[in-house]
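Visitor: Below are the chains, spelled out letter by letter.
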Amino acid sequence: MPKKKMPIAKLQKYYKDMLLIRRFEEKAGQLYGMGLIGGFCHLYIGQEAVVVGLEAAAIKGDKRITSYRDHGHMLACGMEAKGVMAELAGRGDGYSKGKGGSMHMFSKEKNFFGGHGIVGAQVPIGAGLAFSDKYKGTKSVTFTYFGDGAANQGQVYETYNMAMLWKLPVIFIIENNQYAMGTSVDRSTKSHSLWERGLAYGIKGEEVDGMDVLKVKDAGDRATAHCRKGNGPYILEIKTYRYRGHSMSDPARYRTREEVQKVRSERDPIENLRDILLTEKHLSEQEIKKIDVEIKDIVNDAAEFAKASPEPSVNELFTDIYLEV
Amino acid sequence: MPTEILMPALSPTMEEGTIAKWLVKKGDSVLPGDILAEIETDKATIEFESIEEGIVGEILVPEGSQGIKINEIIAILLAPDESKVPERTKKKIEHKHVIESKPLIAKGKPEASVEIKELTQPETKTITVREALRDAMAEEMRANPNIFLMGEEVAEYQGAYKISQGLLEEFSAKRVIDTPITEHGFAGIGVGAAFGGLNPIIEFMTFNFAMQAIDQIVNSAAKTLYMSGGQMGCSIVFRGPNGAASRVGAQHSQDYSAWYSSVPGLKVVSPFSSDDAKGLLKSAIRDPNPVIFLENEILYGESFEVPIDNNFIVPIGKARIRRSGNDVTIVSFGIGLKFALEAAELLSESGIDSEVIDLRTLRPMDTDTIIQSVMKTNRCVTVEEGFPVCSIGNYISSVIMQEAFDYLDAPVINCTGKDVPMPYAANLEKLALLTTAEVITAVEEVMYR
Ligand SMILES: Cc1ncc(C[n+]2csc(CCOP(=O)(O)OP(=O)(O)O)c2C)c(N)n1
Ligand SMILES: [Mg+2]
Chain S
1 MPKKKMPIAK LQKYYKDMLL IRRFEEKAGQ LYGMGLIGGF CHLYIGQEAV VVGLEAAAIK
61 GDKRITSYRD HGHMLACGME AKGVMAELAG RGDGYSKGKG GSMHMFSKEK NFFGGHGIVG
121 AQVPIGAGLA FSDKYKGTKS VTFTYFGDGA ANQGQVYETY NMAMLWKLPV IFIIENNQYA
181 MGTSVDRSTK SHSLWERGLA YGIKGEEVDG MDVLKVKDAG DRATAHCRKG NGPYILEIKT
241 YRYRGHSMSD PARYRTREEV QKVRSERDPI ENLRDILLTE KHLSEQEIKK IDVEIKDIVN
301 DAAEFAKASP EPSVNELFTD IYLEV
Chain U
1 MPTEILMPAL SPTMEEGTIA KWLVKKGDSV LPGDILAEIE TDKATIEFES IEEGIVGEIL
61 VPEGSQGIKI NEIIAILLAP DESKVPERTK KKIEHKHVIE SKPLIAKGKP EASVEIKELT
121 QPETKTITVR EALRDAMAEE MRANPNIFLM GEEVAEYQGA YKISQGLLEE FSAKRVIDTP
181 ITEHGFAGIG VGAAFGGLNP IIEFMTFNFA MQAIDQIVNS AAKTLYMSGG QMGCSIVFRG
241 PNGAASRVGA QHSQDYSAWY SSVPGLKVVS PFSSDDAKGL LKSAIRDPNP VIFLENEILY
301 GESFEVPIDN NFIVPIGKAR IRRSGNDVTI VSFGIGLKFA LEAAELLSES GIDSEVIDLR
361 TLRPMDTDTI IQSVMKTNRC VTVEEGFPVC SIGNYISSVI MQEAFDYLDA PVINCTGKDV
421 PMPYAANLEK LALLTTAEVI TAVEEVMYR
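Chains as they are written, first to last, in our numbering: chain S, 1 to 325; chain U, 1 to 449.
One chain only, chain U, in its complex shape (with noise of 0.2 Å):
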């Protein structure tokens, strides 16, 4: 019998990965532990080793490809007595390719009848969101030798999650700067640096890791502008991971929007798209206060059209009326907006108009724009992925209590993640887990339908 090589997952939030290399060629014999292929991830190249012994009957992916995904059929592996491929395996992995090798479309991606504000230059090209972030950091180093990134794995490893790829190359070990594991000092030597002068991006292999450095980015960064009179400004980023990746257990799965978002002093950023990404990270590059920068493990490997204009930025503070609608208002932002736009898209087949914003930016909050729509729809969902208690969802509640109260038709209601730090097992991580049927569950309730 021949077995069927697929394409491993090696990493907890890959879909799909690159053949970088084969090392095997049909004909070839195997024996366990063998490394057949280099394979690139979302986060490394990692070699992937044979686990039974044979011949290689077959190649089905040739080196290079890229967007393979996770359990596709990659080679054929004949047993040592074995010459050719049978007939009946050949047949199902044609039809196999048929299915999956039409066109991936980026879930998230915005529907045509969204409304997007920025993006009025003409000529657009598709990107991760990882290219997006990478292409930030290098158009805004080109233009200014003050900016320097530092971070664990920033450098030579090219990022942990390869958000860094190419930029010590292009900008040497003077401004790409690889650190120990060592948060809270390195995060204290970048305000330093920004204190001196400079303009540091400093990169948390995720931000569960920040926790070790909060008392510098708090009580340093963010409050000694005010404590100086204004004489000490601290122009830095803090960027990375943010939230939930999957299956990595309660430390490394948590959304800290609520809690940066609580401290004056600080900006917060927390990006969904390609384009919003790349032009959120130049403004916060350029902005002269510290500004958290909360990307998404998830969201880096969606594709996106994203503006070829090297000029192309969103300001801080601005939310994004992502879809248009009268009904209800849905307020989300980062992820969360997967699952806001998924399920204004199911709630439209049953005759309920949603209105979606994207924050995008959390600190200073847009409410205007929150407000002005509620006004109109009378009724808001909010949707994050953190924690129920004090999150931004409450504080939006209050913003509209205050400000559009006789406007309210339903009392708001705030979709978030569970009050649990989060399970590894798959099922309690699911249930702990924001998800689209809960949002939907929500507009029908403030629809009273």
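Extracted from the complex, chain S is given alone in its bound form (with noise of 0.2 Å):
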């Protein structure tokens, strides 16, 4: 743990927010298991505390983009759990009005800029949202996640060789879960720290574990303060875990059960902040029941609200391919 004394109130809501997106993610599995999702869903469970951590770091203005494993994500930035489940289940209050999916998904309103299903690609557009920021001469920063698979795309380098050139406002954040579908970072790579290569390019990053919000806050401090400071990029590789499978159809023959459980059972961001808000008194049982409730709440509720949605309208179909002039 750090030694900065973290306010109370803000432990609780790191906590409530890595719960809801667990239990968003653990009903989204469910949902799918019903049919009412289809295609492609990668959960975001083990990953909680990535996303949570860096939110906390985020002020007002500031823009979020990432890959198809975006739900933990939108909960985090504060979009709603009910229009993230509608968009889950391809129905017309989803966010994107269904046509979209699990790995597109958008809010402007939110600076949430998706949602993107090519490996690597949101990795120029991240820079591309942090150039437009510089150029209106603002003070927010980017946050640009991707995966240790992504990280091994010829695009992420030519976008470290502008960010660094231009000083672009960007913090490129490798979510360093170990695996790329069933290929592990180790049969990917001979470099084993995936944040030094942005040396390379003259850009300063950072390790982080993944596993513990509030070091990832601070890692996200830092960062952005580097950002707003205008001196361009940071990377933080964040070391986290994936317990699922990389999509609903994944069997993980590529790793064992006993190397899962032993993350799982050692490491949980959730479970170990629970402990600490419980020992260090700062909630009662009582009350920690009464977050997994409200929670639990929320998760259903979106469930409900997904279901009871409409498909679009069949008049959507030709619709939003162009703007009008």
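Warning: the hint list may mix true and false statements.
What the hints assert, rightly or not - Now the in silico label distances, taken between C-beta atoms and shown as ranges:
(1) Phe405(U) to Gly154(S): 47 to 55 Å
(2) Lys60(S) to Ser324(U): 23 to 31 Å
(3) Ile321(S) to Ser172(U): 52 to 60 Å
(4) Ala143(U) to Ser184(S): 48 to 56 Å
Note that these hints are calculated values from the structure, not bench results. Virtual Cβ for every residue (Gly too), placed ideally from N, Cα, C.
Work from the hints to combine the two standalone chains into their complex.
Guide: Here is the structure:
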């Protein structure tokens, strides 16, 4: 734990936010099993501390963009569970009117720029968002998330180069959950530190324990301060772990049950924060239970909302292809 | 024997150039490798060296002269032992200059009979397609501070094809941005900047290199509005030269019109003349959607009339009838018009009255204008430079079959480039490219002549 004392209200918020993502994803898994969600559905279970810690370092005006493993990012930046779940179910009340799906959701209002299905494509786009802020002279930064697998895409390095050249206020966040589908990091690269690749472009960075929300928040504070001062980009390689398969249809034969179990029992970000909240007497057992119920209600409401929401009108097939001139 | 120094060809598409500066004067001795002059081509200013030893006997084309054709005599180099230019050489030079100083008539320039809807404004001036594109960007950039231009060599070098000449000076490095050679990356940065509310113009040095960026164009720029349920528009222009240049081989000579035109979410524009280039580029920059703006290197240097009025724009999605006629409809776009118009002219001599439609925009395509024309002429030939399989002409043929089948008196013929990677050898390249003769043959075929 970092030494700084954290206000209790903040700890409670992180706990709730992480728990919401966990319960939401479990529910999404359930609905997928029932055939209410189709196609690809990538769950964020295990990685909750990453996005919650970084959102804690964000201020109004900051932007965020990520890959298809995006449900957690949307909830953490304040998008409504109902709208996200409805989109997963392909319903008219979803954030993209049902036309985007699990991998492609956006909220202009919350500065959430997707939701991208092409591995690595969000990285230059994130730098472009940062470019727009620099161009307009704002102090905002763009949180650009991508995976350890995406870190091997050429466009990431094209982007590092230009982001540093033009001192763009972008934080590159490598969510290193150790696997890209079935390929472990060991089997995809000989360079074991992914953030250090940025040094070749002059970009500073660090490795972060992604199973500890407070450490992630601290790193986020350092990164945002660096960017807001006009120093250009910063890289955070956040070591995390996904408990579930790559997507719902992944039998996960590339790792053992024990490996997953070990992380779950020893490093789970939610369990650990709960222990702290209890042992330091910030919350009673009673209060923890109350939070559980509160979160469960939000998630159940979201699921009911999604089920009740109608499919998009067939008139929507040919809309939103072009904006009117 | 004196040596004639000829205007050199210094780029694959150069037809003429400017003597920017003479570095020698009459009477100077030169050695092989000495720089004689700086010559401005359609792309850059290049130093021109002597390959012989001698004395400069005469400079025939003064500094600053523009439009000097390749192989025109620009100076005389005397052998080291000669003292003046012999009479015979002088005579020859005079004769040549009389022939070549005839005013240049831009090839493909619309004839008097052409119907030009947009050119109702009284005042026009003659400018090249290159200048038209630059003026369009400059005018729009003056009006909207959120427009910026980004690409390889667009700023300090003034554009690989000199399209952005002068823009850095006027708009500063904040808005005219040189990128590293990293198409995939800067196309994505452009898309992100557009999502962030700016209006980027992304220049590809040529569209051949946009292949490395096509994922960002198709998957990110074109589809996000739909995938976001209408929230996230992407106002961006991707522009640059498209299609075959000259003698640059297979990897640098491809027409991508059909590729981009197949993608919902993109608009695709391919102008022929300066007025359309200017008016359409202005429309493209103002458009809230991603626009693919396909230019052509060979057309950059051609001149056409353009309205002087800065408010002149050409709407995206409207074809232009460049020549009206009753016997056959020839549909083309971009450089294809050169062949289509030339063929129409020659065919009129043998009594065939062609209507030539310039699509100008490929997506959304103005098929109404095509159908109306075909209903009148009952025959159609399409003309494009691209490959024959899954071409623009194929699509037009299918639309005509569905909407005007009963009006057709002959099958539609698609004139295209040949189904081969572009060869380098001059003779093979010529065979691979579209020709006016092929268009004429196709028209005669649909006329059953
Ligand atoms: C360009 C591209 N190639 C391949 C895929 C298929 N694919 C989807 S996710 C994935 C693995 C990515 O792993 P990583 O970047 O580590 O992210 P994670 O799934 O672990 O969050 C692959 C190969 C794709 N979507 N896009
Ligand atoms: Mg991964």
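Visitor: All hints, please: hold or fail.
Guide: Okay, the hints, checked on the actual structure:
1. One distance hint, 47 to 55 Å for the beta-carbon pair Phe405(U) and Gly154(S), holds here, with the actual separation near 49 Å.
2. Separation of Lys60(S) from Ser324(U) is about 60 Å and departs from the stated range, judged on CB atoms against 23 to 31 Å.
3. For Ile321(S) paired with Ser172(U), a C-beta distance near 36 Å fails the hint of 52 to 60 Å.
4. Hint check: Ala143(U) to Ser184(S), Cβ distance near 54 Å, so the stated range 48 to 56 Å holds.
Hint compliance for this structure: hints 2 and 3 are broken, all remaining hints hold.
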